[in-house]
Amino acid sequence: MNLGSVRVSNGDIPFNTSQAQAGRLITGLMDGRSPLIRHYNRDGGQMEIRLLPVKFSKAFSDYQACTAKLLPMNFDQIKQAEIGFPGGGIELDAAAKARLDNMVAYLKADPTVNRIELDGHSDNSGNRLTNRDLSRRRALAVMDYFKAQGVPEQQITLRFHGERYPLAPNTNNANRARNRRVNVHLERVAPEERPVPVASSASAAHTS
Numbered sequence: 001m002n003l004g005s006v007r008v009s010n011g012d013i014p015f016n017t018s019q020a021q022a023g024r025l026i027t028g029l030m031d032g033r034s035p036l037i038r039h040y041n042r043d044g045g046q047m048e049i050r051l052l053p054v055k056f057s058k059a060f061s062d063y064q065a066c067t068a069k070l071l072p073m074n075f076d077q078i079k080q081a082e083i084g085f086p087g088g089g090i091e092l093d094a095a096a097k098a099r100l101d102n103m104v105a106y107l108k109a110d111p112t113v114n115r116i117e118l119d120g121h122s123d124n125s126g127n128r129l130t131n132r133d134l135s136r137r138r139a140l141a142v143m144d145y146f147k148a149q150g151v152p153e154q155q156i157t158l159r160f161h162g163e164r165y166p167l168a169p170n171t172n173n174a175n176r177a178r179n180r181r182v183n184v185h186l187e188r189v190a191p192e193e194r195p196v197p198v199a200s201s202a203s204a205a206h207t208s
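Per full-length UniProt numbering, residue 1 is the first one in the sequence shown, and the count goes up by one each step.
In short, the hints are calculated from the structure, not lab data.
Don't be surprised by glycine CBs; every beta carbon is placed ideally from N, CA and C.
It is possible that some hints are incorrect.
[What the hints assert, rightly or not] Ranges of calculated distance between the beta carbons of each label pair, as one might list FRET restraints:
#1 L158 with N124: 15 to 25 Å
#2 G23 with Y165: 43 to 53 Å
#3 R137 with V189: 18 to 28 Å
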């Protein structure tokens, strides 16, 4: 079976193959075949490499199991999120929970991410006291969701700002919906180092 040809060059990645070619190569190895790769150099010489299927099925199964555990996002992609409350209340909708679930999965996979900052916001629909309370209750809703997923409360910092920091002017319903939100920020904070206690002269052991 001829899988086609690819261009070979010098460097860390000598050649790239198409997904279709790679798929046929893997299928052949899974079926117990021994694919042969030929390389012709500029001097007219030829090099052949034969891939043996010995233990390939087990190694490929291990690889698939490993990739299945990979997180869908890296830290730069997951470290900030805006949890919206488009309906104007304090309940988390399905989209908000899905976003928070991704963050929780990352927190559990990477224990070095150990600080969560929550900032609640509102639009300007009500009076300032009402808006401030709404922003507080929205931030609490997000904090309670994190806690229900096993995140320690001491890792969470909560603030609420009412209508003071809008994302967009509160001039229409769409903008007001954008402003009803909780900003979530994940951080890596190094643990504080406690100083080593120094024994006083009174408690120091006497030697002679």
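Here is what the structure says about each hint:
no.: 1; hint: L158 with N124: 15 to 25 Å; in the structure: holds (22 Å)
no.: 2; hint: G23 with Y165: 43 to 53 Å; in the structure: holds (50 Å)
no.: 3; hint: R137 with V189: 18 to 28 Å; in the structure: holds (26 Å)
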